[in-house]
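Chains V and X supply the protein sequences, listed in that same order. Just so we're aligned, residue 1 is where the first sequence starts under my numbering, counting upward by one. Just so we're aligned, residue 1001 is where the second sequence starts under my numbering, counting upward by one.
Derived by calculation from the structure, the hints in this document are not laboratory data. Be aware that a few hints might be false.
Far from chain V, by Cβ distances over 10 angstroms, these chain X residues were calculated [unchecked claim]:
id, residue
1, Leu1060
2, Pro1064
3, Asp1227
4, Val1276
In the SDA-like style, the derived pairs of lysine to any residue whose C-alpha atoms are separated by at most 25 angstroms in a straight line are [said to hold, decoys possible]:
id, chain 1, residue 1, chain 2, residue 2
5, X, Lys1417, V, Ile36
6, X, Lys1418, V, Gly43
7, V, Lys60, X, Gly1353
8, X, Lys1418, V, Gln57
Cβ atoms here follow ideal geometry from the backbone N, Cα and C, with glycine treated the same way.
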Amino acid sequence: MTVKQISVFLENKCGRLAAVTRLLAKAGVNIRALSIADTSDFGILRLIVDKPDQAYQVLKEHDFTVSTTEVIAVEMPDKPGGLARVLDILDQEKINLEYLYAFLGQSGHEALNIFRVEKIDEAIEVLQKNNIRVLPEEEVYSL
Amino acid sequence: MIKMYWNEKYECMPREELEELKLERLKQTVERVYYNVPHYRKAMQEKGVEPDDIQSLEDLAHLPFTVKTDLRDNYPYSLFAAPLSEIVRIHSSSGTTGKPIVVGYTRQDLNNWAELAARSLGFAGITKQDVIQISYGYGLFTGGLGIHNGAERIGACVVPTSGGNNKRQVMVMKDFGSTALACTPSYALVIAETMEELGIKKDEIKLKAGIFGAEPWTQAMRKEIEDRLGLSAHDIYGLSEVMGPGVAMECCEKNGLHVFEDHFIPEIINPETGEVLPYGEVGELVFTTITKEGFPVIRYRTRDLSSLHLEECSCGRTYVKMSRVMGRSDDMLIIRGVNVFPSQVESVLLESGYASPNYHLVVDRKNNLDTLEVQVEVSDEMFSDKVRGLEHLEHLIKHELESVLGLSCKVTLVEPKKLPRSEGKAKRVTDKRKL
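Just chain V, same shape as in the assembly (with noise of 0.2 angstroms):
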C-alpha cells in the first residue's frame, strides 16, 4: 500500500532544479506531484513519479544523492473539511504526520494527498478502518 518518493538533494542555487527535470525528461519519467522543503542552503527535492526506479537510476548516474522512502497516496473528497477529517484520525492515533504534499492529477472527484508518516503501517490500517482510501502503488504510478 505504499508509494516509493524520491527524495533528491538540492543546493540552494540557481539552475539545481531544472537539471534534475531535464535528466527526468530525457529518461522519459513523468513527475505526478512534487514538493521542495528548503532551508538557506540547501533544499530537499520529493517527487512522486510514473516510473521511481528509472527516475532513482538517472539521477544517482548523474551524482546526485538520491533516496527512497515509502510513503502513502490518501484519497479524500475534494471539498471543505476533506483533509481536516483525514488528519483528525491520525491525530486521534497519535499519528505524526512528518509532511504533505498534494497530488497534481485527481482520481475522479477526489482529492489525492501525499503523507510522509513515521508509523506507516498503523496510519494505513487506522485510515483503512475510517473508510479512508489508501492507494495502490501500481494506481499512483499510472495515474
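Position chain X against the provided structure of chain V, taking the given hints into account.
Just chain X now, with coordinates in the frame of chain V:
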C-alpha cells in the same frame, strides 16, 4: 633617532661574542635534552650524534629535526626536560588531530620569556610610561600572558582586557588612555571599526604603538591599521612550541624581524630535502631553543616560510633578521590566530560515522574577521528526506568541529562531486583572504 633598548648588552652584542654565546648555550641544551628527554636521545642516536659532536654552530646541522607530530606523539609531558615539580606554567596550542601540543615552562623560562617580551615591547618604543592594553586571548594560548609578563617587566601599566567585547575594548582604550595595543592584526581592525561605529575619532584616543602577531598579515593591513588607529604597527613573531610571542620582533625599520639569537638559533632549510639554505634564500624556518629548561626544542620545523638576512640594521641591533612569514610549507591555516589543519576536519567527519565524506574549507575575511566555512558533500548515508534530519546532521558536525578546532565555523551541506578538484584530486581549501 633616539635609540632605546631594554637590554643593550644582548640586543647589540658584537656578532663574534654572540656566536660564542650561542655555541656555549647550544652545547648545554643538547646535553640537557640528550640526558633528560628519551625522544631526543633516541633521535640523536639514530643519526649517530653524541652531545660531544657539537663543537661549532655548523654542527647544528647534524642534529635531527623535530616536527609537530613528535610533539603530539609525546603528549602531554614526555618532551619536558625538567621534572614536573620544576614546571611552573603550562600552555598549549592546537595539534594536528585533536590532541593539543603541551609546553611547560620553568621559573627561569618564564623569566627569560618576560625578558624577551620586554625587549620586544622596547622595539616598539614602549616604556614604563605607557598604558598597554592586551587584547590577545589569555589562557592556554601564549599570546595574552606572554605579552603581559613582558609589559609588567618593563613597568608599563597593563590593562589585561583579553579578546572580545569590542565596545568595552574601545571604552577602555579611550577612558583609560591606552597608549599601546597588543592583539592580532585582524582584531586591531575590528577595534578600529568599532571605534568608528561609536563615532570615536582617532585623535580622541592616545594609541601610539601596536604589537600585532599570531597570524599572517600584509603591508596593506599594516597601513590600514596605522591609518585608522593612528599608531605605529609592529609585527611580533612567536609560537608556543618555541616559547610564545617574543621569538622575533620588528624594529623601527619594519623590514624584517630580529630573532633573539641569544635564546633561539634560526635556520632556513629546504622543506623537501632538509638541507640548510644560505642567508637570503626562502625556505622553512627552523628553531633551536638554547636557554629553555622546561621544553627545549631541537631544530623544530615551524613550517613557516621565511628567509634570514644578516646585515647591519639602523636600529643598532646585531641580531639576524627573518623576513615576514610568507606562507606555509604544509597545509596549515591560521584562522583568527588558531591553527587549523584540513586533516582535523577530515578526522572529525570520519569519526562522525560517515564513510570518508568529501569536504572543502572556505576561509574568508569579513569585516576584518576570519571566517571558516566547511562544505560537506552529502552522501547517501547522510541524506534524509526530512529537513530536520539534515539540519540535525549539520548541527552535529558543526558542534564537533568547533570543539576540535576551537573555532566557530559554518557548516554547509553541498551536492556530491560539486566541490573543486584539481587534476582529479580534491582541492581542500580555498583561502579568499589574499594574504
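Here is what the structure says about each hint:
1. Leu1060: 52 angstroms, holds
2. Pro1064: Since the minimum Cβ distance to chain V is about 47 angstroms, Pro1064 of chain X lies beyond 10 angstroms and the statement holds.
3. Asp1227: Label holds. Min Cβ-Cβ 36 angstroms, cutoff 10 angstroms.
4. Val1276: Given a closest Cβ separation of 48 angstroms, the condition holds.
5. X:Lys1417 - V:Ile36: 22 angstroms, holds
6. X:Lys1418 - V:Gly43: With a Cα-Cα distance of about 15 angstroms, the restraint between Lys1418 of chain X and Gly43 of chain V holds, given a limit of 25 angstroms.
7. V:Lys60 - X:Gly1353: Cα-Cα ~22 angstroms, so holds.
8. X:Lys1418 - V:Gln57: Holds, at roughly 19 angstroms.
Violated hints for the displayed structure: none, as all numbered hints are satisfied.
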